[in-house]
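Residue numbers (the working numbering), protein chains in the order written: chain H, 1 to 340; chain C, 1 to 340; chain L, 1 to 340.
Hints are computed from structural coordinates only; laboratory data are not their basis.
A quick note: this is a predicted structure, and the numbers were derived from the prediction, not measured.
It cannot be assumed that every hint is accurate.
Unchecked claim - A few chain C residues that face chain H, going by a derived Cβ cut-off under 8 angstroms, partial list only: (1) S175; (2) A253; (3) E335.
What the hints assert, rightly or not - Quick look at which bits of chain H chain L covers, simulated, 3 or more residues with Cβ under 8 angstroms: (4) 91–100; (5) 254–263.
Claimed, not checked - With beta-carbon atoms standing in for the labels, derived distance ranges: (6) K315/C with G277/H: 17 to 25 angstroms; (7) R195/C with T52/H: 38 to 46 angstroms; (8) P325/C with E65/H: 55 to 63 angstroms; (9) H278/H with G300/C: 23 to 31 angstroms; (10) A295/H with K112/C: 47 to 55 angstroms; (11) K315/L with E32/C: 46 to 54 angstroms; (12) K78/H with K98/L: 23 to 31 angstroms; (13) K315/L with N189/C: 24 to 32 angstroms; (14) K51/C with A295/H: 32 to 40 angstroms; (15) K315/C with K337/H: 31 to 39 angstroms; (16) E32/C with D313/H: 33 to 41 angstroms; (17) G277/H with K315/L: 51 to 59 angstroms; (18) K78/C with G277/H: 29 to 37 angstroms; (19) F96/H with T25/C: 26 to 34 angstroms.
The beta-carbon is built from N, C-alpha and C at its ideal position, and this holds for glycine as well.
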Amino acid sequence: MEFSAIQIATLLNGKVEGDPNAKVTKLAKIEEGTPGSLTFLSHPKYTEYLKTTGASVIIISEEIEGIKPANSTFIRVKDSRMAFSILMDAYHKQQFSKTGVEQFAVVAPSVKMGTNVYVGSFSYIGDNVTLGNNVHIFPGVHIGNNSKIGDGCIIYPGVKIYTESVIGKSCTFHSGVVIGSDGFGFVPNDENNYRKMPQVGNVVIEDNVEIGSNTTIDRATMGSTIIRKGVKLDNQIQIGHNVEIGENTVIAAQSGVAGSTKIGRNCMIGGQVGIIGHITIGNGVKIAAQSGIGADIADGATIQGSPAMNHMDYKKSYVMFRKLPELADKIKDLEAKNSK
Amino acid sequence: MEFSAIQIATLLNGKVEGDPNAKVTKLAKIEEGTPGSLTFLSHPKYTEYLKTTGASVIIISEEIEGIKPANSTFIRVKDSRMAFSILMDAYHKQQFSKTGVEQFAVVAPSVKMGTNVYVGSFSYIGDNVTLGNNVHIFPGVHIGNNSKIGDGCIIYPGVKIYTESVIGKSCTFHSGVVIGSDGFGFVPNDENNYRKMPQVGNVVIEDNVEIGSNTTIDRATMGSTIIRKGVKLDNQIQIGHNVEIGENTVIAAQSGVAGSTKIGRNCMIGGQVGIIGHITIGNGVKIAAQSGIGADIADGATIQGSPAMNHMDYKKSYVMFRKLPELADKIKDLEAKNSK
Amino acid sequence: MEFSAIQIATLLNGKVEGDPNAKVTKLAKIEEGTPGSLTFLSHPKYTEYLKTTGASVIIISEEIEGIKPANSTFIRVKDSRMAFSILMDAYHKQQFSKTGVEQFAVVAPSVKMGTNVYVGSFSYIGDNVTLGNNVHIFPGVHIGNNSKIGDGCIIYPGVKIYTESVIGKSCTFHSGVVIGSDGFGFVPNDENNYRKMPQVGNVVIEDNVEIGSNTTIDRATMGSTIIRKGVKLDNQIQIGHNVEIGENTVIAAQSGVAGSTKIGRNCMIGGQVGIIGHITIGNGVKIAAQSGIGADIADGATIQGSPAMNHMDYKKSYVMFRKLPELADKIKDLEAKNSK
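Input sequences plus hints: build the corresponding full structure.
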């Protein structure tokens with residue numbers, strides 16, 4: 001990013017005090033402001049930071065009194081916190097302003113495309129794909145035959161979406177995400193090797209789902225792997241075939257869910273959690289990081305451990321695990337006394 | 001996919017009862033059939049589902065009596081289960097029917113290519129690469145110089161194969177797989193920083209290996225990292241430099257194997273398992289999910305825990321771990337009695 | 001690789017004894033040498049392997065006496081170990097000899113490019129990107145707007161670098177690495193769904209950092225996620241937003257660091273470790289594989305477990321964990337005696 005004070009003031013309907021040509025290239029908290037950074041001051045108690053900040057441009061609320069640092073420029077607005085938030089959103093959205101199909105992109109003739117769509121170079125849109133309005137496909141994306149991408153989706157560079165995937169509106173997929181790869185389905189035969197089961201289902205992702213970089217979601221063996229609306233998946237998560245994840249459930253990085261497990265809505269699942277296949281996890285469940293889940297979990301439970309148990313019980317057991325050598329010594333002493 | 005009833009009947013040599021133009025776009029179990037889905041009925045005990053299924057087309061065995069739902073079309077065949085299986089295979093294979101080099105692909109002049117090869121757009125095939133017959137390379141794949149890809153391999157979009165890799169016949173690599181990246185080899189010097197060891201070995205993968213999305217396999221420091229025939233690796237697995245994995249061993253998602261470890265044949269390794277470097281794991285070993293393996297394992301062992309131990313012993317210890325606070329209380333009581 | 005004995009001798013200033021046209025295509029230890037492989041012999045104690053090695057070319061130190069195998073060619077040099085090391089380096093570097101922008105690459109007109117830069121096909125270099133001297137960008141790489149890549153960086157196929165990233169000199173990023181994806185920042189609202197926080201910071205990576213395949217590093221919410229000079233990250237590591245990792249710290253595969261945590265310098269962190277957000281880990285800390293870190297760690301500590309504790313205490317507790325069923329039996333016996 002690079003903005004001048006006057007550009008920002010124009011956008012925010014603010015008034016410049018200082019150098020209208022002051023340039024900023026990054027955002028910072030006021031106490032961490034360095035030359036070239038933009039910050040804001042919304043509460044009088046942070047006024048003292050004006051003495052030490054190096055920020056080049058400071059968005060400041062009208063009612064705040066404070067002496068402008070010599071090397072800073074003020075932009076006076078009604079509500080500086082709100083103005084800063086508007087600016088961040090505007091800055092974020094400006095990344096998605098391109099439209100049209102760039103050079104070196106392949107879009108099959110049968111693709112149905114909405115308005116204001118961007119398809120970056122080196123992206124490959126297969127037969128019969130549907131792209132909704134305002135879909136933004138960065139370079140190097142693959143969308144397999146017969147997939148549907150809903151309005152307003154943002155697909156970052158290098159995402160790979162296999163055939164038949166159905167993606168809702170306003171989803172965001174980060175680089176390296178893989179949607180619809182084959183489930184891990186092999187049947188052993190009597191010669192100790194494995195025959196592959198064709199994986200002929202698909203992946204269905206509902207609206208407002210965000211998926212972090214290098215997360216993988218396998219297609220169903222038959223039927224659909226389903227990610228309900230509002231789900232947020234962090235980076236490097238693995239979702240097996242035929243899994244279903246309920247609305248607004250949030251999963252932290254590097255967790256894995258094995259095939260055919262059903263997770264309820266509004267769950268919060270920590271990082272590096274492993275969840276076995278073919279179980280049901282209720283609504284509103286909380287799972288601590290690194291837990292291993294091997295059985296059904298009731299609604300509202302909070303669990304921890306590998307295998308997991310109620311998290312308060314886990315903490316009590318773990319306190320004693322730390323004291324185990326001491327407990328063992330006590331047992332030895334007792335045995336000595338009792339053998340007399 | 002989109003098929004009409006008459007197309008399916010022609011493929012399966014079956015007889016249409018109902019609308020020959022009925023369209024299906026997905027597969028379903030009969031009890032989950034919705035409009036637009038194709039299903040099958042092979043056993044009389046499921047006949048009752050004919051009352052409730054919404055499937056548009058039902059492949060049904062000749063000998064089954066059952067009343068056709070008003071909104072469904074029957075396709076009568078000798079053995080409906082077998083017919084459905086044939087259809088799934090045919091459907092699966094139709095994805096790989098393209099041949100030739102697509103637009104915007106780079107194939108070095110020195111590449112040796114078999115018959116019926118497909119190289120998708122944005123794929124890059126380096127100097128002296130050999131591609132066998134019927135190799136199917138989706139768009140956006142990179143194959144480094146001097147690599148060999150055996151007959152019938154399927155390489156999904158975005159796979160990256162480094163130089164000198166040797167891949168056997170009928171392997172399948174899913175999106176985001178990385179083969180042959182540098183092993184993690186650094187030597188500390190006396191200034192507390194690290195000097196990189198050149199990684200000049202390669203990766204050798206034998207026949208019938210399937211590798212899940214975003215799995216990474218490092219090249220050997222010298223010599224080869226070896227994946228024996230029939231091995232199945234799930235998604236997001238990490239295989240270090242100079243590892244060897246024996247025939248028909250199966251590893252579940254998110255497990256990692258550190259450098260120079262040798263794993264036997266016919267092993268079954270659960271998800272999120274960590275295996276230290278420079279050890280030997282025997283044949284037919286079973287390792288529970290989330291275990292940590294820090295020492296050699298004998299043939300046929302079943303182990304669990306971090307660090308891992310015999311899985312029955314682990315279960316017994318873990319039962320007592322859950323009871324630790326109770327055991328600690330008992331010790332306290334005993335001490336009280338014995339101090340009198 | 002393919003070299004003849006005479007090519008190698010010329011490079012190393014050595015003398016050929018045997019067939020100057022002998023070809024080698026791989027490197028091997030002398031005891032594992034097969035036809036077509038190159039090896040070296042630097043110490044008299046390994047002379048016996050000359051009887052059994054199948055290596056086609058053997059680099060041998062002048063002072064070693066040994067009978068040349070019939071099917072091998074000797075290259076006599078002063079110090080064969082040093083010569084072999086020079087050869088490995090030369091071989092490694094030859095991969096990076098290309099320069100210029102290949103066909104089907106997109107380089108924005110505003111890009112500033114140093115000398116001897118290579119940009120492979122299907123790579124996309126965004127607006128205002130700066131590429132230093134001797135930067136080697138393999139095919140299929142994405143570099144977002146306003147990013148800077150320092151002199152001598154090697155970016156392997158398929159790496160994705162988001163906007164505003166700042167990369168130092170002599171860094172190496174392996175395939176599938178994602179730099180600068182959005183941090184996992186969502187704020188719950190009263191309807192139980194989540195509002196995304198714009199992630200407007202960036203990633204800063206200093207000199208001599210190597211990052212393994214499919215590792216992901218999120219951009220800061222505001223400010224920078226920082227990887228200090230000399231850091232080595234193995235494959236499939238996840239680094240959250242606003243994390244800072246100190247100089248020369250080394251992290252093994254599949255570990256994860258949650259948002260805003262600060263890790264010191266010269267740390268050694270094992271594989272599959274999970275580190276919670278918003279904590280501080282000191283300098284020179286060692287963390288055993290699969291540990292879970294939930295609190296600050298002092299300089300120089302060595303820790304293990306989930307949650308982690310001092311590693312010697314962990315080992316002592318774990319010894320007793322293995323004996324828990326036995327301890328429980330002893331308590332039972334004591335209770336029986338004491339109830340009399």
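Going down the list of hints, with the structure as the test:
no., hint, result
1, S175, "4 angstroms, holds"
2, A253, "5 angstroms, holds"
3, E335, "7 angstroms, holds"
4, 91–100, "holds (count 3)"
5, 254–263, "violated (count 1)"
6, K315/C with G277/H: 17 to 25 angstroms, "19 angstroms, holds"
7, R195/C with T52/H: 38 to 46 angstroms, "41 angstroms, holds"
8, P325/C with E65/H: 55 to 63 angstroms, "59 angstroms, holds"
9, H278/H with G300/C: 23 to 31 angstroms, "26 angstroms, holds"
10, A295/H with K112/C: 47 to 55 angstroms, "54 angstroms, holds"
11, K315/L with E32/C: 46 to 54 angstroms, "51 angstroms, holds"
12, K78/H with K98/L: 23 to 31 angstroms, "56 angstroms, violated"
13, K315/L with N189/C: 24 to 32 angstroms, "30 angstroms, holds"
14, K51/C with A295/H: 32 to 40 angstroms, "35 angstroms, holds"
15, K315/C with K337/H: 31 to 39 angstroms, "32 angstroms, holds"
16, E32/C with D313/H: 33 to 41 angstroms, "38 angstroms, holds"
17, G277/H with K315/L: 51 to 59 angstroms, "33 angstroms, violated"
18, K78/C with G277/H: 29 to 37 angstroms, "34 angstroms, holds"
19, F96/H with T25/C: 26 to 34 angstroms, "31 angstroms, holds"
Violated hints, listed in ascending order, are 5, 12, 17; each of the other numbered hints is respected by the structure.
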